[in-house]
Amino acid sequence: MHMQETVLKVDNLHVNFYTNQRCNKALRGISFELKKGRTLCMVGESGCGKSVTANAIMQLLPDLSRIEEGSITYWKEGEKISLGELKKNGPEIRALRGEEIAMIFQDPMTALNPVFSVGFQMNEMLMNHSSMSKKEATKKSISLLTDMGVPAPEQRVFEYPHQYSGGMRQRAMIAMAMACEPKVLIADEPTTALDVTIQAQIFELMNTLKREKDMAMMLITHDMGVVAEMADDVAVMYMGLIIESGTATQVLGNPTHPYTSALLESIPMLGKGKNQKLEPIKGTTPDPYNRPPGCQFAPRCKHADEKCHTHMPPEFFTKEAHMVRCFKYEELNHER
Amino acid sequence: MKDKRELLLRVSGLETYFPVRKGVFKRTVGHVRAVDGVDLEVYRGETLGIVGESGCGKTTLGKSILQLYRPTAGSVEYTFADGKKDLMKLNNKDLDEARRKLQIVFQDPYSSLNPAFTIFGSFVDPLNKFGIRKKADQQKLVGDLLEAVNLPRDYMTRYPNEFSGGQRQRIGIARALSVDPELIVCDEAVSALDVSIQAQVLKLLKQLQVERNLTYLFITHDLSVVEYVSDRIAVMYLGKVVELATTDELFKNTLHPYTCALLSAIPIADITKRRKRIPLQGDVPSPVNPPSGCPFHPRCPSCREKCKVDKPALTAYQIGGEEHFVSCHFAMEFMKEKK
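Line order of the protein sequences matches chains A and B.
The numbering of the first sequence is this note's numbering, which starts it at 1 and goes up by one.
The numbering of the second sequence is this note's numbering, which starts it at 1 and goes up by one.
Be aware that one or more of the hints could be misleading.
[Stated by the list, open to error] Computed footprint of chain B on chain A; a stretch qualifies when at least three of its residues, placed anywhere within it, have a C-beta under 8 Å from a C-beta of chain B:
| no. | stretch |
| --- | --- |
| 1 | 189 to 202 |
| 2 | 249 to 262 |
| 3 | 268 to 277 |
[Unchecked claim] Using 30 Å as the maximum straight-line C-alpha spacing, the simulated DSBU-like pairs for lysine-lysine come out as follows:
| no. | chain 1 | residue 1 | chain 2 | residue 2 |
| --- | --- | --- | --- | --- |
| 4 | A | K35 | A | K274 |
| 5 | B | K203 | A | K328 |
| 6 | B | K26 | A | K274 |
| 7 | B | K276 | A | K274 |
| 8 | B | K336 | A | K277 |
| 9 | A | K140 | A | K35 |
| 10 | A | K35 | A | K210 |
Everything labelled a hint here was simulated from the structure, so no lab data went into it.
All C-beta atoms, glycine included, are put in the ideal place defined by N, C-alpha and C.
Using the sequences and the accompanying hints, generate a full structural model.
Shown next as structure tokens:
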């Protein structure tokens with residue numbers, strides 16, 4: 001096993017959103033690390049704060065929100081940069097975006113500008129981060145598109161996003177993200193809008209890139225299947241907290257938090273046939289403005305008792321790196 | 001067993017084309033062949049799953065069966081209490097009457113309920129139309145239906161914005177049930193829901209099917225969901241059914257190369273089962289200008305000369321006493337290879 005070098009560290013991050021004199025505590029203290037050559041999968045249902053985490057790292061949070069507490073540290077060749085303290089849209093963060101940390105968004109149609117050709121948008125970014133001329137940039141764009149498996153790149157580079165199919169647009173997005181060979185790639189549901197056969201192509205591509213360039217990757221998804229395919233490490237989020245994290249084998253092989261196991265029991269699994277048992281999780285996710293006082297999952301949890309309803313469980317560690325936020329982790333954990 | 005099955009719906013040679021218009025005079029320059037010759041039989045009490053990638057025509061097929069789109073050619077025969085009728089030949093008045101038996105649950109629970117109406121208001125129109133006109137009766141019926149989908153009775157006075165996605169989808173299902181239908185087309189009914197909610201709705205659909213002897217046409221792109229709900233599965237590609245078999249049979253003896261690739265592309269939430277994928281090249285071709293011969297040949301890993309010119313027909317094979325329909329020239333060879 002090669003040395004695992006941490007490139008990005010998020011520590012006790014709190015983010016609040018302010019609307020109509022109310023405050024949504026979207027992130028309530030999450031901590032994780034991204035390591036070189038490894039994929040961290042963030043998994044959770046809609047509204048649990050997955051995308052907020054990604055946007056917080058990139059300093060792309062909307063105006064009416066702010067990082068209340070905690071830090072995001074990025075190591076740029078040994079030099080420590082605290083991303084959370086940089087000015088939103090300031091020159092420092094703009095230099096990092098794209099060059100050091102790149103992001104792929106969920107919907108490639110809204111992420112690409114429809115009135116400029118794909119090549120123009122790629123050139124813009126290349127010329128911004130390096131001293132390339134327009135000619136060189138176009139050449140580089142073509143070679144990037146070739147790498148991503150876009151057919152007829154010499155022609156495609158001058159075409160507009162609407163002339164691309166969904167899978168190809170996402171490839172163009174990845175090409176753009178990879179243009180400056182970033183150290184960290186954040187992918188926010190990159191394949192949710194795509195078909196499974198195209199999804200398989202994109203994942204193949206992302207895995208190759210990860211291996212070749214030794215990138216750190218953070219993949220945000222709601223699909224447990226994707227997690228099992230792609231992840232080295234997994235973090236399960238619920239209501240703005242990471243409730244379980246560890247390596248993929250630990251979390252998926254031995255889910256300890258009741259939410260993780262309930263989530264795995266509630267999805268139909270291919271190959272198990274018509275008579276497989278589905279255990280739906282009862283109730284719905286709580287209103288973010290009216291959160292339960294104790295463990296966030298307690299109202300829906302079948303193991304919950306008095307203490308769970310009144311106290312927030314801290315982070316418990318079973319083995320190294322397998323973290324669970326549950327008072328009952330000892331009786332629910334079967335490893336060892 | 002097989003003889004007991006009662007034929008409810010027979011779709012034969014169904015084609016739905018949408019014209020592509022261009023130029024100043026909006027001349028028709030071509031057609032999008034959304035559904036291009038589909039034959040299906042649906043039996044009472046079963047769930048027929050229809051799967052395929054986006055743009056393969058599965059939603060259009062569902063809507064064409066209900067005559068929400070008027071198909072271009074073919075026939076849709078439905079067995080009513082007073083004999084078989086071709087839905088395509090009915091006039092609008094008779095069609096309204098026929099729709100009592102055929103209902104649809106839409107994909108997006110947010111846009112399928114009118115935000116200006118209370119839940120009760122959304123139910124009133126179909127009830128008025130189908131003969132329940134007294135308000136007291138209506139309220140009783142709507143209350144019963146809401147209870148049937150595990151929602152409290154008094155929710156009928158609320159507005160759609162007060163409900164979550166899963167609740168709205170259950171209201172959509174209750175509304176489809178309000179006219180006491182026999183066949184429900186579920187068009188991606190659980191795709192927009194979160195996983196924990198998805199299981200609730202799937203369980204509800206299964207339970208209602210047993211209680212009310214419903215027949216489902218379950219349209220989805222998610223093969224794991226379709227495996228869980230369906231008795232039989234039809235796989236569509238570019239407006240055509242390429243493989244049709246019972247669920248067990250389809251997963252055990254997958255014959256069509258497209259189905260094989262589709263199955264291998266699905267990520268499974270089990271870390272011990274990381275498998276080898278069959279990668280597909282390129283994208284789905286445009287339905288305006290489908291490829292010659294077998295529609296799948298440009299992406300098929302085992303494409304041969306014959307596939308490029310000859311269109312394969314959907315042929316029935318008998319495997320272990322069960323019928324298995326495949327449209328591939330070399331299905332028999334693939335079967336032998338597997339054995």
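Comparing the hints with the structure gives:
no.: 1; hint: 189 to 202; verdict: holds (count 7)
no.: 2; hint: 249 to 262; verdict: holds (count 4)
no.: 3; hint: 268 to 277; verdict: holds (count 8)
no.: 4; hint: A:K35 to A:K274; verdict: violated (40 Å)
no.: 5; hint: B:K203 to A:K328; verdict: holds (29 Å)
no.: 6; hint: B:K26 to A:K274; verdict: violated (49 Å)
no.: 7; hint: B:K276 to A:K274; verdict: holds (24 Å)
no.: 8; hint: B:K336 to A:K277; verdict: violated (33 Å)
no.: 9; hint: A:K140 to A:K35; verdict: holds (28 Å)
no.: 10; hint: A:K35 to A:K210; verdict: holds (12 Å)
Consistency with the previously given hints fails for numbers 4, 6 and 8, ordered from lowest to highest.
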